[in-house]
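S.K.: Listed below, chain by chain, are the residues.
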Amino acid sequence: MKSLDAVRTAVVAVGQTEHGRRLDASMAELAREAIDRALDSKGLTLEDIDAVVAGNMEMFEGIYLVDQLFVGALGALGKPLYKLNTGGTVGASTALACYHLVASGRHERVLGVGFQKQSDGSTQAAITTVGDPVWERAVMAGAIGNFASMASTYIAESGVTPEQAAKVAVLARRNACLNPYAHLRMPDITVEEVLESEMLAYPIHRLDMCPSSDGAAAIVMASEDVAGEIADQPAWVHAVATVHDQQYMGDSPKRLAVMRSLRGAAAKAYSIAGIDYPLRQLDVAEVYEPASYALLAMCENLGFCAMGDGGRLIDDGVITMEGQLPVNPSGGVLATNPVGATAMIRVVEAASQVMGLAGEHQIPDVKLALATGYGGNAWTDIIILGRQRPRR
Amino acid sequence: MARTGKQTWIIGLGEARSAPKRDDLAINELAWEAISPALEDAGVALSQITGAATASQDFWDGRTISSMNVNELVGGTTGSEAKVAADGAQALAYAAARIADDDQHLNLVLAHAKESQGDPHAIEIAAFDPFFERQLDPDETVLAGLQAQQLYATGEFTPQHAAEVLAACRSRSEVLEHITAEQVLASPLSASPLHELDRAPFIDAAAALVVCSDSMRQALKAGGVRVAATSSRTSAYWSQRESLHEAPLAGQAAQEALALAGWSIDDVDYMELNTPYSTQQLIVAKALGLGGGEELVRRLRSDAAINPSGGWLAGAAGGVAGLRSVVRMTRLLRQRPSRALIYSTTGLCLQSHHIVLLESSAEEVSR
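If you read the protein sequences in the order shown, they are chains A and B. Per this note's numbering, the first sequence runs over residues 5 to 396. Per this note's numbering, the second sequence runs over residues -12 to 354.
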C-alpha cells in the first residue's frame, strides 16, 4: 500500500570511513569521521540536523549506553537521540528509523550513523549471547556456527556447490578492489584459495566468511521540502520493510533455504515500489551477506532467480559488475563488516549508486537500488531507493 | 516546525506485576504478563498486530539484541518489530512515527526489564568512559551523589526536601512499602549526601500498550486516549556538563511537546516525573517550570495531580518507568476528559529527557 500521508523522503548525503583494523581512531572518532564526511559532502553542519539515530551493538565493545557516552561525537547534543541495537540489521534499522522520523513529518533532516570498532572487543563472545541461554548458546556459538548450520541445509535443499559459494567469495573481494573504503581487497584471490582456506565449521571456510572490521557509515535523510536544496540528485525512498522470523533456530530449520523474513520483506517492499520483476527492474543491489552461501540463498529469496537457482546466478555472471543485476559492487559484507555499520554501508552504497557517487564501482545509469540488512532471528530490513521522486 | 502526521491512539493497556524479584518467571513471561492484558483491553488478537516498538537494554537482559526475548510475543514473527535502547516512552514516540507515515496501523509498544537478574554495579560501570573513569569504580549512584552535592550547594533545597518528595511518591506505591522522610534520612549513606532510600529500588517490570491510527481505531470501534505529542532532548555526557544540578534540556523537551500540542504547562491536569533518585525530582520539576524552593517541594509533596502513581520512585524499572506512567496516566484519562504530561529519562544524571503528552476527550470518556 502506497501511503498518501507520508512525507516523501530522500537520502541527501552519505559518508563512510575507511574500514579495516583502525588502530588510528577510537570508536567515537570513527563515528564522527563518517558523520563529517556525510555533512561535508553537501555543505551541511550539525546545526542543520533535527535528530540523530545511532546504531551500534554495544555489548561488542562492552560500553553500556554508548550513545550517551558519545553524544558529542554523534552530533546529538541538545537533540532527540534514538539508539537502536538490532543485531546485524542495526545499520539498516537505523536508516529505516531516519526514514520514519522524516516521513512522519516529525523532523525535516535526520542524521543516521552506524558504527562499530570490533578490534576493541570480542564480537563472537557477544554474538553468542544472542541465542537462548538454555537451549541455543551451547550449540550455536557465534555467527560462524549459525551460518554453517544454515548453509548445510541450503546445500541440501538447493544443491549449491562449494565451488559456487567460493565464486561468490572471489567476486566480493575483487569488487572490493574498486572500493577505497573496503576492508578486504584481494585482486588475486581464486576459487581454489577459498576452498583451501581453513575450514571453520563445515561447510564454511575462512574465506567464505565475512571479516571483522572497524568502521562507521552515515546518512542524512531529508523531507521533500528540503531534499532538493541539499542534493542535486537525492536518493528517494521508494519503500521500506522489516520482517522477522521465529526466535529459535529449531522453529525454522530451513532458515537459509526458505528465508521467510526476506521473502516477506521483499514482497512488501516490491509491492510498495511497484516492482514485479526485480531482476529486470532493479539496477543494483547491496545485499547483507555474512557468508558466501548466504548471498546465493538471499538472491533466490529476493526473487532474482527461481528457488534453487542461486548457483546459476553466479555461474552465469548475472550478479557481477557487468551482469544483468550487479550485486554488491562495493564488495559487500564479505569484504567489510563493522557490524553496527554494516547494514548502513549497504544503504550508503545503494544511495551512492543512485546519486552517482560510487566512484570506480559505480554502475551506469542506476535508477533503482535495493539494500538489505540481516541479523538476529532472521531479521530482515529492506530499503529501495530511486532516482525519481516516488509518485503518490 | 515539522509537520504533524496522523494521530496515534492508545487503545490497550497492560502491566506486569512489578516486584523487586520476580523469580517465578522468565523475561519473556514477564513481558507477556503485560502484553496479554493490553491485547485483551484493546479487544484485538496478537495475530492482528502488524508490528511493534520495544524498549530494553542488552546489558540488563544479558543478551545482545535483547528484543529477541520478546520478538514473537509482540507480533514480530512475520511482522515488524523495532527496538530502541532507551525508556519505553521513546518506543512510543517511534511507534507514533510509524503510524503517522502509514507504515503501521495497529502496534504493540512494550518496555521490559528484569533488573533482579543483573549486577547493577557491573552494568552501570560499563556506561562510564573505559579509559579515564572506570578505574575509579564509579556507578550511577556515585554520580547522583555528586549531582546531589551540587544541588544542595545552591541552598535552594535540602536533603529533607528530597526525602519528603520521595516519601510522597512512595506513599502512592502498590509495590514498595510506604516510608517517611525520616526513614529516608536515617538510611545509610550510599554516596554522600544521598542515602540508600533516595534511590528507586531495582524492580522487575514490564508495561505494554496497543496503539493505532485513527482509521484503525474507528474500524475497531475503540475508545482511546490520544498521544498529543512526544519530544526528547539529549544532554552532554555527565563530565562535559557545566552543572549537574540543572536540566535545561528537560524544559526544552517539554516546551517543544507543549508547542506541538498547542498547550501551555497550565493546560496539563496530571503530570508524572520519572526519575531514579529523589533529588532529581526537584531538578526536573524546576526545569519544567513548576516553581522552586519550598513552594515546589510543597507542591511535589501534596499535589495529587503530580506523580499520581508515584512514578519510578514508587516501583518501576529503568527503561520501563516512562511507559508504565503512560499506562497509569491513560487509565486516569479514561475516567474524565483531561491532559497529562509524562517525563522520563535515560542515562547518567538525567542525560536524555523524554516527554509524552496524552489527552482524552469527553466523547472518548463517555464511550
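These are computed hints drawn from the structure, not numbers from a lab. Think of the CB as a built atom: it goes at the ideal place given N, C-alpha and C, for glycine as much as any other residue. Please note: incorrect hints may appear among the correct ones.
Rough simulated footprint, nothing fancy, chain B against chain A, three-plus residues with beta-carbon under 8 Å [stated by the list, open to error]:
| hint | region |
| --- | --- |
| 1 | 32 to 45 |
| 2 | 129 to 141 |
| 3 | 191 to 200 |
| 4 | 245 to 259 |
| 5 | 365 to 376 |
S.K.: Against this structure, judge whether each hint is valid.
M.R.: So, going through the hints one by one against the coordinates:
Chain B is given as covering the region 32 to 45 of chain A, and this is violated because 0 residues of the stretch bring a CB closer than 8 Å to a CB of that chain, at least three being needed. Interface restraint, the region 129 to 141 of chain A with chain B: holds (5 residues with C-beta to C-beta distance below 8 Å; minimum three). With 0 residues having a beta carbon nearer than 8 Å to a beta carbon of chain B, the region 191 to 200 of chain A misses the requirement of three or more and the stated coverage is violated. Given a C-beta distance limit of less than 8 Å, the hint that chain B covers the region 245 to 259 of chain A holds, as 7 residues qualify and 3 suffice.
Only residues whose C-beta sits within less than 8 Å of a C-beta in chain B count toward coverage, and the region 365 to 376 of chain A has 0 of them, not enough to reach three; the restraint is violated.
Of the numbered hints given earlier, the model fails hints 1, 3, 5; all others are met.
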